[in-house]
Amino acid sequence: MKKLLPCLLFITLLTSCLKDDLEDLRKDVDSLKEQMAQYESLLDALNNRLYIKSYEDNSGAYSIELSDGTIMTVNDAPSFIEIGDNGNWWIDNQDSGKAAGEYPNSMPEIGIGEGRNWVIDDVDVGISAQNQLAKEGSNIIALAQIAGQLSFVFADGRAINFDASAPVISFNIPDGGFVFNKMTWFNVETVVKLDADANYEWLFDGKVLANTKDLTYVFAKAGEHILQLNAKNEFGVRTVQVTITINDAVYTNNLTKLFEFKPAPGQQINKLPAWSEGIAADSVLKTAEKALTNNSLISLGSFGGYVTMGFDHTIVNGEGNDFLVKGNAYSSWAEPGIIMVSEDVNRNGLPDDEWFEIYGSEHSNSEAVKNYEVTYYRPELEPTNPNEQNYILWKDNQGQSGYVPKNSFNSQSYYPGWETDSISFTGTLLPSKIYDQSGTGTFWTNPPYDWGYADNMSNNNEAAQIDISWAHDSEGNAVKLHGVDFIKVYNGTLAAGGWLGEVSTEVSGFTDLNL
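Here the sequence shown is numbered in the working numbering, starting from 11 and rising by one per residue.
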């Protein structure tokens, strides 16, 4: 029994030692797996052409974000190697006193020498690597940020290098350089490498022009200028500078093309411009275009009737007011037309891009109706009464109906002769200000709105002018447009003034205030 007890104690001790050894071995294997997984993750990232977006030092543990959004954590407490502002090698914020020389242009070989100091391209930089000596295999002993790269240096001598620099930017410059006419669109498409989280700034003669990667702009004045693009991320700023030449050009200070003429019923319809049986819509459009290019009046009729204009140049959004849509308003009689603007974004020369509404003084009026729709119906017969009040029926999407009245001053049909038997219009309905000033029906007045509309003020009144900066999208958000290529005007009111008839917007031309 006495001999058995020591044997049992020996076996127990042996088993305990074996368990400790196995536990140590398991930890070593787990550590090795972790190291290899870290190495393989970096290798996979490199093979997938990822790059470093940013990194953060958390007391020796680095959190590194890759360009695909992956976050990697390096817990090996590696040393950090970089080139200081003085051109020397710096390791863990310690100046080695050794100049980096030509190495800023490439990633050097980094390791630990026999003297236990850091060695960079076979040069002992005199800083101890003592805190990294115990590491081995796939442990990371150093992170080096050099020459636009971040290098992971492993204890066994391997290194994996990732791009980690300011964005690399370039753009194609045509033969002869950037040369174009004023008041035409200028576009630069930028090629950017390492663009994650990049911020952009375009400068025109030193003044900020835009904050987009690509530049689309229109310039009002001729001259030679310096255009500069700055691209910045966490690692720094890259700059490209080029000279642009903006040529002078002569343009027509009026519309040059009419894309659409679609009037609503009204007392001047089929007269301004003239129409007779058998004349098709395209001929009416050409007649209306000729009238406007000669500064003659056309009528848009009642609510919704519209016209769409084009030009031989882009209307630039400059300082202050930019253009005037001519009408025939006077102090006691306004027929306000809402103005829409559009840029030829797809550059096809057609008004098929997004439209923006110029918000005038009444856009926030609680009585204004957004998305108002009205449909007019051709009467079966023309009335015998020259002052028929129940003439052309209309119905709206608010459950209301009414008539465009007739008056003895205009005996022709008020319904557009070339149109179908019903026509619909949609837009913003402005609250009418029309009233009978006499109280007896003999003197009707329709005062103008404060600003922001066509045919609302006399053409020589500054309040008739329009600033492109008043443009808003369909959601009511202000938009920043550098210029516009198309302008639409539609009647924004649905009202009549007794014997004067319906309120109908008239247009007689256009003036670009930048010319």
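In case anyone wonders, no lab produced these hints; they're calculated from the structure.
Be a bit skeptical, because a hint or two may be false.
To be verified - Below, computed lysine to aspartate or glutamate pairings styled on EDC-like, alpha-carbon distance capped at 16 Å:
1) K272 to D258
2) K380 to D483
3) K296 to E270
4) K223 to E234
5) K498 to D354
6) K108 to D132
7) K203 to D185
8) K490 to D477
9) K223 to D207
10) K108 to E92
11) K443 to E377
12) K281 to E429
13) K405 to D363
Unchecked claim - Derived CB-CB ranges, DEER-like:
14) N257 to V379: 21 to 27 Å
15) P441 to P396: 51 to 57 Å
16) P184 to V379: 48 to 54 Å
17) P441 to N191: 39 to 45 Å
18) V379 to N420: 27 to 33 Å
19) E244 to A144: 43 to 49 Å
Because the structure is a prediction, the values reported are computed rather than measured.
Here a beta-carbon is modelled for each residue, glycine too, at the ideal position from N, C-alpha and C.
*asked:* Tell me if the straight-line CA distance from K380 to D483 falls inside 16 Å.
replied: 13 Å, holds
*Are the Cα atoms of K203 and D185 separated by 16 Å or less?*
24 Å, violated
_K223 and D207 were given as a pair; does the straight-line alpha-carbon distance stay at or below 16 Å?_
Given pair K223, D207 holds - Cα atoms ~12 Å apart, limit 16 Å.
*Measuring from beta carbon to beta carbon, are E244 and A144 in 43 to 49 Å?*
Cβ of E244 to Cβ of A144: about 32 Å, so the range 43 to 49 Å is violated.
*Does the structure keep K281 and E429 at a Cα separation of 16 Å or less?*
Holds, at about 15 Å.
_Holds or violated: the 39 to 45 Å window for the beta-carbon distance between P441 and N191?_
43 Å, holds
*Does the Cβ distance between V379 and N420 fall inside 27 to 33 Å?*
For N420 against V379, whose Cβ atoms are near 28 Å apart, the range 27 to 33 Å holds.
_For a C-alpha distance cap of 16 Å, please report whether K490 and D477 respect it._
Holds. K490 to D477 sits at ~11 Å (cutoff 16 Å).
*asked:* Given the hinted pair K498 and D354, is their Cα-Cα distance within 16 Å?
replied: Roughly 13 Å between the alpha carbons, so the hint for K498 and D354 holds.
*Given the hint that K296 pairs with E270, test it: the Cα-Cα distance must not exceed 16 Å.*
Roughly 10 Å separates the two Cα atoms, so the pair holds.
*Could one say that the CB atoms of P441 and P396 fall in the range 51 to 57 Å?*
30 Å, violated
*Would you mind confirming whether the straight-line C-alpha gap from K443 to E377 stays at or under 16 Å?*
Holds, at about 11 Å.
When each numbered hint is compared with the structure, violations occur for hints 1, 4, 7, 13, 14, 15 and 19.
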